[in-house]
Every structure is written in C-alpha cells, then in structure tokens.
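2 protein chains.
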Amino acid sequence: MKTKKKIKLLLLTLLIVTLSSCNSKKEDSNNIQTETPIEAKDPLPSWEEGKTKESIKSYVVDVTTEGSPNFIPITDRIATFDNDGNLWSEQPAYFQLFFAISRIKALAPEHPEWKNKQPYKAVLENDMKSLMASGEKGLIEIVMTTHAGMTVEAFEKIVKDWLAKAKHPRFGKPYNELIYQPMLELLNYLRANDFKTYIVSGGGIEFMRPWVEEAYGIPKDQVVGSSIKTEFSLENGQAQIKRLPAIDFIDDKAGKPIGINKFIGKKPVFTSGNSDGDLQMMQYGDSNKHKSFQLYLHHTDAEREWAYDRDSHIGQLNKGLDYAIENGWTITDMKKDWKVIYPFQLNEAKN
Amino acid sequence: MKTKKKIKLLLLTLLIVTLSSCNSKKEDSNNIQTETPIEAKDPLPSWEEGKTKESIKSYVVDVTTEGSPNFIPITDRIATFDNDGNLWSEQPAYFQLFFAISRIKALAPEHPEWKNKQPYKAVLENDMKSLMASGEKGLIEIVMTTHAGMTVEAFEKIVKDWLAKAKHPRFGKPYNELIYQPMLELLNYLRANDFKTYIVSGGGIEFMRPWVEEAYGIPKDQVVGSSIKTEFSLENGQAQIKRLPAIDFIDDKAGKPIGINKFIGKKPVFTSGNSDGDLQMMQYGDSNKHKSFQLYLHHTDAEREWAYDRDSHIGQLNKGLDYAIENGWTITDMKKDWKVIYPFQLNEAKN
Numbered sequence: 001m002k003t004k005k006k007i008k009l010l011l012l013t014l015l016i017v018t019l020s021s022c023n024s025k026k027e028d029s030n031n032i033q034t035e036t037p038i039e040a041k042d043p044l045p046s047w048e049e050g051k052t053k054e055s056i057k058s059y060v061v062d063v064t065t066e067g068s069p070n071f072i073p074i075t076d077r078i079a080t081f082d083n084d085g086n087l088w089s090e091q092p093a094y095f096q097l098f099f100a101i102s103r104i105k106a107l108a109p110e111h112p113e114w115k116n117k118q119p120y121k122a123v124l125e126n127d128m129k130s131l132m133a134s135g136e137k138g139l140i141e142i143v144m145t146t147h148a149g150m151t152v153e154a155f156e157k158i159v160k161d162w163l164a165k166a167k168h169p170r171f172g173k174p175y176n177e178l179i180y181q182p183m184l185e186l187l188n189y190l191r192a193n194d195f196k197t198y199i200v201s202g203g204g205i206e207f208m209r210p211w212v213e214e215a216y217g218i219p220k221d222q223v224v225g226s227s228i229k230t231e232f233s234l235e236n237g238q239a240q241i242k243r244l245p246a247i248d249f250i251d252d253k254a255g256k257p258i259g260i261n262k263f264i265g266k267k268p269v270f271t272s273g274n275s276d277g278d279l280q281m282m283q284y285g286d287s288n289k290h291k292s293f294q295l296y297l298h299h300t301d302a303e304r305e306w307a308y309d310r311d312s313h314i315g316q317l318n319k320g321l322d323y324a325i326e327n328g329w330t331i332t333d334m335k336k337d338w339k340v341i342y343p344f345q346l347n348e349a350k351n
Numbered sequence: 001m002k003t004k005k006k007i008k009l010l011l012l013t014l015l016i017v018t019l020s021s022c023n024s025k026k027e028d029s030n031n032i033q034t035e036t037p038i039e040a041k042d043p044l045p046s047w048e049e050g051k052t053k054e055s056i057k058s059y060v061v062d063v064t065t066e067g068s069p070n071f072i073p074i075t076d077r078i079a080t081f082d083n084d085g086n087l088w089s090e091q092p093a094y095f096q097l098f099f100a101i102s103r104i105k106a107l108a109p110e111h112p113e114w115k116n117k118q119p120y121k122a123v124l125e126n127d128m129k130s131l132m133a134s135g136e137k138g139l140i141e142i143v144m145t146t147h148a149g150m151t152v153e154a155f156e157k158i159v160k161d162w163l164a165k166a167k168h169p170r171f172g173k174p175y176n177e178l179i180y181q182p183m184l185e186l187l188n189y190l191r192a193n194d195f196k197t198y199i200v201s202g203g204g205i206e207f208m209r210p211w212v213e214e215a216y217g218i219p220k221d222q223v224v225g226s227s228i229k230t231e232f233s234l235e236n237g238q239a240q241i242k243r244l245p246a247i248d249f250i251d252d253k254a255g256k257p258i259g260i261n262k263f264i265g266k267k268p269v270f271t272s273g274n275s276d277g278d279l280q281m282m283q284y285g286d287s288n289k290h291k292s293f294q295l296y297l298h299h300t301d302a303e304r305e306w307a308y309d310r311d312s313h314i315g316q317l318n319k320g321l322d323y324a325i326e327n328g329w330t331i332t333d334m335k336k337d338w339k340v341i342y343p344f345q346l347n348e349a350k351n
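In order, the protein sequences belong to chains E and S.
Using the working numbering, you'd call the opening residue of the first sequence number 1 and step up by one each time.
Using the working numbering, you'd call the opening residue of the second sequence number 1 and step up by one each time.
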C-alpha cells in the first residue's frame, strides 16, 4: 500500500485539516456541472490550441476514419484513465485520505476508547508525530476501520454523505467539483468517437463508484480500482455483501495492467495518467497492435492548481516523465495547455 | 475448487474420451449460427407457449413500461447468466475439462517424462484409478499445467484453436455450437429491452472471453468468471501479461455475488442459472429493491440433451430447486418449455 508514502501524505493531510476549519454545514452538492459545453467545431474548447490538442485530435481522426491504415474497430477502442491527479485533483493529499480522516472523527463519539488508543488518538488530536510512530500497521488500521465492517450499500451512502458535506481545504468546494474540465471534454470527445472510457485507479473501487457516473459519465462497471475483500451472507432471506478488513487487490503500478486484463479483458489503445503509478498501464497500452496514444498530465500550474512532479510524495512523476519523453508520448502541460481547470471556473475562463 | 466433484467429473470425462474417437481434423467452425431469428410478434420463438414463457414476457413488459409501479431505470437493468449448463451444455463433463485433457495430450510430446509421472501418466493412459489416487493435488496440477505459463494472448489462441478442432463426443459438433437457442433468444430479448447482459460463471474468465462475444453477443468486459493470478512484465519495450499457476478467484456459490459486486458494482434484477452454484447469485438478485426475476433451468430432457438434477455430480440442482419452489421462482422445464435445444437443430424443430 505504498505505506511510507501514505504516512507522509497523512502528515500533510493532518496539517491541512488542522489549518482548515471543519465544515459540517449540510449543502446540496448534487447539481454539479457535469455537462460539457462542446462547440460545434471544437470538441475540446478548454484546451489551448497547440501541439497537445492537435496530437489528440489527429490521433482520434486517424484511428476512427474508415479506410485509414490505422483504423481501429469500435470494439477495440478501449480508453483507460487514472483518476487521482488525472480526472480530479489529488492535492494536498488523496481525497480518499481526507475521507478516512473525516470518518475517524465522525465515528469517534461511538468509540470513547480511541481517545487513548493509537493510531486513533493521533488522528483525533492531529498529532502527526504519534501517527507516524504507529507505522504501517496504524495506517492500515485507520483505512480498515473506515472502509470495512458495513454492507456495500451502507458504504455507498457514507461516501455520498461525505461528498455532500465535505469541502476541499483550498477551494472550499465539494471534492467532486474538483474535476478537470478539459478531461471531461476529452472523455466526451472519445465517447463521441465510440471509445469506451474506463477509470483505472489506485483509489478504492467502491469509493469511486458512488459518484463517477455523475461526475464523468463513466458507469460503475467501467471502474477498475483497489478493493478490500467482501463476504456474502443471507439473513432472513435478505442477501447482502459485507466489506471485510482485508486487502483484496491493489490497482497501482503493475497492478493496473493486471486489473485491466482482469476486468476489461482487452488491451487499451488510449491511456491517460499523471504519475509513475500509471506507467505500466501506459506501457501496456503502448504495446497494443493497434496505433495507441499515451497521454501524461504534467502538473505545472502552481497558481491555478498545483505544480509537482519528480520529488512529490503525492502523484510522483519521475520515471514516467523520462519514459514518456524517450518514447515520444504526449505530455499535457497543465499551465500551457488548459484554459480552465475546474468546471466551476468556466465563467471566469479567459476564453 | 470443488475438487472431489471435479475428480468424479474427470473420471466421467476420461470414460468419454476413451469411448469417443479423437477427432483432429481441422474444420472451420467460425460460421456458427449466432443470429437469432426473431419473429415480429414473438421475441422467444423457440419457447413453447405456457407459464414459463409468459412469466418472462410479463416481467419484462412490467419493468420496462414507463408509468408501471415496477418500472426499472435502464442503468439498473442488470441481467446475469451462468454459462455451464445454462447457456451451453455441461455434459458429460464441463467443456473446460475436455479442453484441459486435450491440452495434456497435445503437450505430451514435449514432455516425455509425463509417461512415467503422475497425474499426467493417468491422463495419457486414460487410467482413472491412478488419476483419482493423485487426488486434489494432481487435478490442480493438470489445470495449472494447461492454463498457466503463457501470455494472455497465447492462451486465447490456444482456446480458439481447440474450439476450431475439438468435437463434442455425443453430438460431433464444436463445443461452441452446443449453446442453447432459447437462451440466445432470451439474451436478445432482454438486450432489446435495454437490459445489460453479463455472464457470471464458475468457468475460467479467460477460457470464456475468446468466444462468448461471437456466441452470445456478450462482450469481454461483461464476463465474470474464475481466474488464476497473472504477472505483468516489460521485455524489450513490449508489455505482456503472463498467466501464473495460482488461483486468484473462484466465481462459484457465494463467489458469484462477490464477483458481481466486484466487477459490475450493481445488484442484478434478472438472474439465470441451473445449479446450486447459482443459488447465491439468484438470492442476491432476489434481494434487489427493484422487482427481480430468477430463472432456474431444469435439465429434464434426456432425449434431446440430458436429464439431471438432485444427484448429479455435474451441475447439481438440489438446494436450489427447493429454494426456487419455496420462493416462487420461475423454473424452465427444458423438455416441456423448449421447442429446440441447439441452433443447428433449428431446421429440424417442430415449429
């Protein structure tokens, strides 16, 4: 579980949580703007004109034009997208980690013993030093406490309730509004050209499924992610699936092509990621017999979003950046290539 | 892996293999009849008029008619089908077992040591007694030898080559022609009413994927099945996924709802199976908040197919039959309800 990295993330998260006020006001965040305004002649209006946009468009035209030597049959038009830092932001820490910490705090009243029990005490007191001392074991305990022990339906409700209430510390918006407008346009553009779009994320599959259909237009069965084990039971004629505190599958690095093969059963032709955790998925796509397209998102915009790459503890892009340059993959420069970052900024956009 | 049962199956299989001649003639079996002739007014022409057909049709009309109190939104119209004994035959043994035995025989020339090594010796000599003596360990070794150690693409080719050559011992037809015509019509009927159809089978997911799209119109990413572990590697810039000799997931009994939740992320409203291994999947569908439909196929036709249920070593239907009767589920009586079994018999059908 990349635990050392996660502990560092948690450290960052806790810092943020300490600094930001806890917003518990209930607000309706259901009317997120998910419809992407597509101009008649430009399927990617939030992308600046230039090499990146041009290379995406010429690829799509090339492989979808009948008679082209690179034509790809519709059934093979598989496009896979990383989520954290690629379809939505991942700073100052993975949003799922904010969720876990929020859950510990919400559950604390039912667990008075946590006040004196690590690693819970550390989370509740925003005490990073003690939390780090609890190590990998402590972190896994926090994840399992917050993600397991309930039915699948109960967990879905918890995630939805959290999304409806929680606000991102920097932008003050619900987390599912921090999705990238240019990527929404790209998803729509690919689907309009008969690509089937999938999420392939290191994030929890059941943490994503409750909201990604509304946010990205990607249905639940086109989500591949990390998972914990589950258990089936029949109680009083009612079947249910309960989430267990044990890891089932980690969909990161080499796990991504393995997850793609398991869930989708086909090699993608279009892969999109932003970190070293996506490299193997993109290498897998790059080995497709069809002409493929690999798109790395480079976070270069400290002003409108965040700037990070080779030395970042979150979404590190180091080996992947080298590999992309060596192999001529397309790299989105967020600062240069995107006119706008989030849908809620559309009115402020310079266009 | 239901090993004791499988050993018994293997015994049966070997008997059959001994009795039937080994047909190695290469024949083109690609032009299988998969198009289902649907009459304008009858979406299920191979189903006899009666209670079973009527209950299927009235359910579909009820839940797809806008304004009906039982109306189900399109995104929730999930239909899951067992494969062995439900979409194609499973007698005198699971077809995947014929495949494994055929592979052992095909690989034998490269493994002269198998002549004196169990459990291979037993398979090669059709020696059931010794094979049974090799126990669970022996059987798993045969499965792993024939299903692991190659790339995903290589395995797909092996399965396709086998399907193109091998013939069913009783019918002398390629195995993928022993699919049920009435079930093809049912799949088409449901899809015409915006149900999304999935296979949820105890069979190997990568044993099914190479041929189910052509046979049933079900794409690769709508197949849930048992799997072995895989490994990603990058060799000379070429990414590949290799199949490993270790079990990853058994999609049977309680594994079926777990697999459905993992791969599909939604509870089915229409479930279809034929054995006790499907019971939990059907109980899971039965607990749907929407009006659901459970369809058990009862093998009652010894003349045209096979007759077996409570005491069968293959596709046992015992607990499931009791549960279905108690809970008012619909049971297809193959002999009474189906005008024809296989597509290749359509011309001979009494209709």
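The reader is advised that the hints may include incorrect statements.
No distinction is drawn between identical chains; accordingly, a pair holds when it is met within one copy or between any pair of copies.
Under the rule of at most 30 Å between Cα atoms (straight-line distance), these lysine-lysine pairs were calculated in the DSSO-like manner [said to hold, decoys possible]:
id	residue 1	residue 2
1	LYS336	LYS266
2	LYS291	LYS157
3	LYS220	LYS242
4	LYS266	LYS165
5	LYS117	LYS220
6	LYS242	LYS291
7	LYS289	LYS157
8	LYS266	LYS173
9	LYS129	LYS289
10	LYS157	LYS41
11	LYS242	LYS319
12	LYS242	LYS121
13	LYS229	LYS242
14	LYS339	LYS242
15	LYS266	LYS220
16	LYS105	LYS335
17	LYS165	LYS319
18	LYS289	LYS51
19	LYS160	LYS289
FYI, nobody ran anything at the bench for these hints, they're computed from the structure.
Within, between, both or neither: LYS266, LYS173 at alpha-carbon 30 Å: between (37 Å within a copy, 29 Å between copies)
Intra- versus inter-copy proximity for LYS289 and LYS160 (alpha-carbon distance at most 30 Å): Intra 40 Å, inter 19 Å, cutoff 30 Å: inter-copy only.
Copy assignment of LYS336 with LYS266, given that the CA separation must stay at most 30 Å: neither (33 Å within a copy, 40 Å between copies)
Homo-oligomer pair classification [LYS165, LYS266; C-alpha up to 30 Å]: So LYS266 and LYS165 pass the 30 Å test across copies only (25 Å; inside, 38 Å).
Copy assignment of LYS242 with LYS291, given that the CA separation must stay at most 30 Å: For LYS242 and LYS291, only the inter-copy Cα distance (22 Å) is at most 30 Å; the intra-copy one is 42 Å.
Intra/inter-copy verdict for LYS157 and LYS41 if alpha-carbon distance must be at most 30 Å: For LYS157 and LYS41, neither the intra-copy (40 Å) nor the inter-copy (43 Å) Cα distance is at most 30 Å.
Within, between, both or neither: LYS117, LYS220 at alpha-carbon 30 Å: neither (37 Å within a copy, 48 Å between copies)
Alpha-carbon proximity between LYS242 and LYS121, which holds within one copy, between copies, both or neither at 30 Å: within (27 Å within a copy, 45 Å between copies)
Within, between, both or neither, where LYS220 and LYS242 count as close if Cα-Cα is 30 Å or less: Answer is both; intra-copy 18 Å and inter-copy 27 Å each pass.
Intra/inter-copy verdict for LYS229 and LYS242 if alpha-carbon distance must be at most 30 Å: both (9 Å within a copy, 24 Å between copies)
Homomeric proximity label, LYS129 with LYS289: Cα distance no greater than 30 Å: So LYS129 and LYS289 fail the 30 Å test inside a copy (50 Å) and across (47 Å) alike.
Homomeric proximity label, LYS289 with LYS157: Cα distance no greater than 30 Å: So LYS289 and LYS157 pass the 30 Å test across copies only (15 Å; inside, 42 Å).
The structure fails to meet hints 1, 5, 9, 10, 14, 16, 17 from the earlier list, while all remaining hints are met.
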